[in-house]
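Visitor: Single-letter residue listing:
Number of protein chains: 2
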Amino acid sequence: MTNRSVFFVSDGTGITAETFGNAILAQFEYEYRHIRLPFIDTITKAHQTVEQINACYEKEGLKPIVFTTLANEEVLDVVSRGCKGLILDMFSNFVNPLETEFQTKSNHRIGRFSDASKSKAYHDRIEAINYSLAHDDGQTQTDLDKSDVILVGVSRSGKTPTSLYLAMQHGLKASNYPLIPEDFERQVFPPALLPHLSKIFGLTIQPERLSEIRNERRPHSRYASLENCKMEVLEAESMMRRYGVRWLSTTTKSIEEIATTILQEIKPERLIY
Amino acid sequence: MTNRSVFFVSDGTGITAETFGNAILAQFEYEYRHIRLPFIDTITKAHQTVEQINACYEKEGLKPIVFTTLANEEVLDVVSRGCKGLILDMFSNFVNPLETEFQTKSNHRIGRFSDASKSKAYHDRIEAINYSLAHDDGQTQTDLDKSDVILVGVSRSGKTPTSLYLAMQHGLKASNYPLIPEDFERQVFPPALLPHLSKIFGLTIQPERLSEIRNERRPHSRYASLENCKMEVLEAESMMRRYGVRWLSTTTKSIEEIATTILQEIKPERLIY
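Sequences listed follow chains X and U, in order. The numbering used here puts the first residue of the first sequence at 1, with every later residue one more than the last. The numbering used here puts the first residue of the second sequence at 1001, with every later residue one more than the last.
Just chain X, with the same shape it has in the complex (with noise of 0.2 angstroms):
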């Protein structure tokens, strides 16, 4: 099946063009080729991506998709007249029912992190990411009182992509702790989290595909062994089983999904979009 050309044309980043955009098209077995036009924000640069799609039309000879969230009327008007791709524009859809429903004219505002730099929540995020590396691995017990989720889980369970991704997206501070065999032989979480139980998440994964990922960095250890990984694990789910902490499965799950469910468990009281 010939690959089907998609651009997504923003006048910002053209992030949310794009989030957009792929979920629409995963609803089709297609293959695609993205193309994507961030910043198109003067007239000048809304006539060049006319004539680039255009162009991609004459060669391919089928028509280009066109996603486009443009704040920007006449550069969407110019957009729109002159391309000769199938154009599925997400403001003019959504926005007018809205104008209706609030009685008042939208502000074309363009992008949703326009001077993002400046404001209290981007201020917060950057925080958190920051908090969430400093605390990665167990790496200091100091400010833990300040985390809004603490992760435990063995080694490679998924404890440090969910912890970035949490900061990253959703401006929290997530603390990680491995847990590993002294904590198992002594049958406690490490002392320093008891204090915070309500704030620990458990992350656990199958040792079959624990020992596969393990593997990949240490082949053929007695780490990655399938032996180990199973008593790992065993170990990490009875101890989070008797202090009662919530825990999922990694095992299918991406970290949004993962994400997504410790959000719903936790609640934090602070959540910045």
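It should be emphasised that the hints constitute simulated quantities derived from the structure, not laboratory data. Don't take every hint at face value.
Claimed, not checked - DSS-like, lysine-lysine: derived pairs with alpha carbons at most 25 angstroms apart:
1) U/Lys-1045 <-> U/Lys-1084
2) U/Lys-1063 <-> X/Lys-105
3) U/Lys-1084 <-> X/Lys-105
4) U/Lys-1059 <-> U/Lys-1084
5) U/Lys-1059 <-> X/Lys-267
6) X/Lys-63 <-> X/Lys-45
7) U/Lys-1267 <-> X/Lys-59
8) U/Lys-1267 <-> X/Lys-45
9) X/Lys-84 <-> X/Lys-45
10) X/Lys-267 <-> X/Lys-146
11) U/Lys-1146 <-> U/Lys-1267
12) U/Lys-1105 <-> X/Lys-63
13) X/Lys-63 <-> X/Lys-84
14) X/Lys-199 <-> X/Lys-267
15) U/Lys-1146 <-> U/Lys-1120
16) U/Lys-1045 <-> X/Lys-267
17) U/Lys-1105 <-> X/Lys-84
18) X/Lys-146 <-> X/Lys-199
19) X/Lys-45 <-> X/Lys-59
20) U/Lys-1199 <-> U/Lys-1146
21) X/Lys-120 <-> X/Lys-267
22) U/Lys-1267 <-> U/Lys-1199
Please build the complex by placing chain U on the supplied structure of chain X, with the hints as guidance.
Guide: Same frame as chain X, now just chain U:
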């Protein structure tokens, strides 16, 4: 102005519904109360969703705004028939024209991240996060040839959050190296970087802003003083000019804007969606 309640209803994580909804809402000068309802994937949950939205309407006397990305038509049907909010459904508006263009039916797949944990792209993305973490702040010089991009800049110019964002969002292996006083004295980039000049991208920042950021960390230090920040920025910029590397100022930019600009300039061959 009364806060308007906004629901994000999805059969997956709801990330698409939120990204999409927030971009639309940014067109209006309103305050919103966000309620996420992810994983709404059964008829029972659909009915619960309707109840929750309608209870909110009764209480507040204002129509809640309801952004939906529901691939399951039965679930969508229950929500859109029963719910008294203003429904803005992403799929029905855009999937239909694509079905016509592609001359095929959509597959009504749930969520862009479904089964993501098994895919090569997902695996590569996790690898990229691990790589970028290991190569943060010049921690290691090994495997620099595997970097898709190498960020350089003075301390606190935005390298770390940008690297992690490039890894998490785009699956790129991003290293970053601080430019420090020793580099300025020797007037050369850290030697390990020299074979990789084509992958280097510089971040700079206004000295006044840099001094503010550094003062939050180390108040009244020489490191944070405006005089020192001016000197470091001047030296770093002149070094980037001398090597002819591309660079931008992060002063008023969000991570997303910085990352988008870097991608436009570096155009890495490998880009994961």
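Visitor: Does the alpha-carbon distance linking U/Lys-1059 and X/Lys-267 stay inside the 25 angstroms limit?
Guide: With a Cα-Cα distance of about 22 angstroms, the restraint between U/Lys-1059 and X/Lys-267 holds, given a limit of 25 angstroms.
Visitor: Check whether the Cα positions of X/Lys-199 and X/Lys-267 lie no farther apart than 25 angstroms.
Guide: 10 angstroms, holds
Visitor: Decide if the proposed pair is consistent with the structure: U/Lys-1059 and U/Lys-1084, CA atoms, cutoff 25 angstroms inclusive.
Guide: 12 angstroms, holds
Visitor: Does the alpha-carbon distance linking X/Lys-120 and X/Lys-267 stay inside the 25 angstroms limit?
Guide: 21 angstroms, holds
Visitor: Can the restraint linking U/Lys-1045 and U/Lys-1084 be considered satisfied, given a maximum Cα separation of 25 angstroms?
Guide: Satisfied, since the Cα-Cα distance of roughly 16 angstroms is no more than 25 angstroms.
Visitor: If you draw a straight line from the CA of U/Lys-1146 to the CA of U/Lys-1267, is it 25 angstroms or shorter?
Guide: 15 angstroms, holds
Visitor: What's the verdict on U/Lys-1267 and X/Lys-59, does the C-alpha distance respect the 25 angstroms limit or exceed it?
Guide: 22 angstroms, holds
Visitor: Assess, step by step, whether the Cα of X/Lys-63 is no farther than 25 angstroms from the Cα of X/Lys-84, and give holds or violated.
Guide: 7 angstroms, holds
Visitor: Sort out whether X/Lys-105 lies within 25 angstroms of U/Lys-1063, counting only the CA atoms.
Guide: With a Cα-Cα distance of about 18 angstroms, the restraint between U/Lys-1063 and X/Lys-105 holds, given a limit of 25 angstroms.
Visitor: Sort out whether X/Lys-84 lies within 25 angstroms of U/Lys-1105, counting only the CA atoms.
Guide: 23 angstroms, holds
Visitor: CA of U/Lys-1199 to CA of U/Lys-1146, is that 25 angstroms or under?
Guide: 10 angstroms, holds
Visitor: Starting from U/Lys-1045, check that the Cα of X/Lys-267 is at most 25 angstroms away, please.
Guide: 19 angstroms, holds
Checked against the numbered hints above, the structure violates none of them.
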